[in-house]
Amino acid sequence: MTDAHLDIRQVTKTFPTPEGGVVVALDRVDLAIAEGEFFVMLGPSGCGKTSLLRCIAGLEYPDSGEILLDGSRIDDIPAYARPVNTVFQSYALFPHMSVAQNVAFGLEMERLPKNEIKSRVAAALEQVKLTGLDRRKPTQLSGGQQQRVALARALAKQPKVLLLDEPLSALDLKLRRGMQVELKRLQRETGITFVFVTHDQEEAMTMGDRIAVFNEGKIVQVGSPQEIYRRPVNGFVADFIGETNLIKVTVGSGGFIFPGGGVLARELLAEDCEVPAAGECLLAVRPEDFELVDTDAAVVGEVVDVIFTGGLIRLHVRAGDQEIVAALPSHGAVVPAVGDQTRLRPITKAARTVGS
Amino acid sequence: MSKVRAPKSPGRPGQASSWLATPTLVFLILVILLPLLITVVYSFLSQPSLGTGVKWVFSTDAYRQIFVQEKLDGTTAFDTRYLKVLWNSFYYAGIATITTLILGIPVAMWIATRPVRFRALLVLAVTLPFWTSVLIRTYAVRQILDETGPIGGFLKIIGVGNSYQILYTPWATIIGLTYTFIPFMILPIYASAERFDFRYAEAGYDLGAKRWTVLRRIVIPGIRPGIIAGIALVFIPGLGSFLQPDMLGGGKTNMIANVIANNFGQARNWPFGSALSVFLLIFTVLFVLMVTTGVRSRGDQVRLI
Ligand SMILES: Nc1ncnc2c1ncn2[C@@H]1O[C@H](COP(=O)(O)OP(=O)(O)OP(=O)(O)O)[C@@H](O)[C@H]1O
Ligand SMILES: [Mg+2]
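Chains B and F, in that order, give the protein sequences. Read left to right, the first sequence gives residues 1 to 356 (my numbering). Read left to right, the second sequence gives residues 1 to 305 (my numbering).
A few chain B residues facing chain F, derived, Cβ under 7 Å:
1. A57
2. L59
3. A79
4. Y80
5. N85
6. T86
7. A92
8. F94
9. H96
10. F105
11. G106
12. M109
Hints in this document: simulated from the structure, not taken from any laboratory. It should be emphasised that the depicted structure is a prediction, and the values quoted were computed from it without experimental measurement. Glycine is no exception: its CB is placed at the ideal position from the N, C-alpha and C atoms.
Sequences are here, hints too, so could you generate the full structure?
This is the structure:
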């Protein structure tokens, strides 16, 4: 891609361990992020998200690879010279400075005239709805307010790319939801490219224009939330994003033979996935994609658990040696009870084969 | 009817009875307040015509003597000698504070950024000088600075040693004071720096600050409590130092403690020595008050008194 705003090419980063080995935090990562995009990096703990963010910010230098911003390399210039700013997970607000001084700091570094600094600080604080608190010290603010100061401090610099490292992880659920909406709004209003790191897949889905899923220092899949949810490239993504049954099936002439003996017709599979000619493969089926059927069941087994969760009822069904979870609408007519034999089938085009 | 006794309040864990502090308090009173009291009392007594000690006759002559010089012909004049010596004390203690600061901050920061397992070792190395007496160490410094010492010898070998003379100059005093007091600067700054969260420095870089600005505007304010403690721990005892000006400065850079020591020794004027001590103490207290009020107004968590 040549028109990428932020272009990450083959970036590798390793850290030495105290035992004398090396940890590969990033393994030849390729990523192209478009201008004005809300880009989310998602992955389990320790998969290298923070490391990549720090490489972009210049707080860490990649071992190899290139990072380009608008076509020119930035990976060899120091952090202070990059038009990129970070909202740190710990906020890292300077404790000896007031809110206004914190926000002004980055502008003072640009040697802007005093009155311009003043107006930009005020504007940034207004943007994050913190007007009136500018003389407080960070310790005199709530967690949510500190978060907003950190945001204002980075936004005031009007960076080309704003990096956010799990900025909401310290907030409680309600505050978090509010901030998610607000971050989206800020991103839309400012048009700044946001690169947002999270390990919360739900957060990633609600916020991202696109999501990159990381695992063990590698990017596993990049795509829109729908793509990633509906067409996971492998079992890891399917399992990490939302809830998925990964079912080991045998490919037979009539279709896929499920554990427990049920068969799923080949035609019911999603269209764009590869099917091996024979042998075993993994099928991914979301719990909400199951329906109760009378005939042609894929899953035949005994109900071992029934959990009422409001709108949905979760059935745990033992089919052969595997337990399969189905989430059925609770307004459905018959709800099986524990101990019942039940028959389930993925709805048309919901099941996919995945690599492990 | 049996009485139900209220259980004895167990107190907070780790909270000790105030009686436990009594021996320490008594000890502190004995070694701090008592000598101080004696000094103040002596400063208001008279000098005996013969021998050492004091004559129990009330007099303010000792204080007068600090400012007023009696000439042989009976006239009096304002005496600036002792004020100059006091100024010397402030001057050299101040310079030592600055040199230990400049040298101490980088060392403390360096130690604080080493892997944890090396830090204890490095801190131990900083305290190593305390294993021998300051007197012996000052002799050692004298040997090193002497023209026959290693520096002088080296300079002679490379042919520029002819005009080498540091010993018995103010420079030697400054070197000696810096050497003696630098651990007292490094240790508190290290304690602060170790707790400093270097993510603040990263945030500084991220916001466009270069190294020097990050140091000046983020790191130094972050380790301010340690710096203030270090300044106090160097400057206050520095005011009262007398070994270094005497042994290294060759008596040319007399500080007030030299004069005080002299009056309790050779000059045998105990009241005057006491008065000078009180005089020095007043300035020391003023300095401490200045620092603490300055600190309080900034809302920091440092207490010197
Ligand atoms: N300074 C460092 N020294 C040694 N190893 C490090 C360092 N920083 C990161 N690592 C290692 O690199 C790997 C990736 O770490 P990174 O912080 O990028 O993960 P992450 O995806 O941000 O995880 P989390 O979600 O827990 O924040 C981990 O195995 C981690 O232990
Ligand atoms: Mg991280």
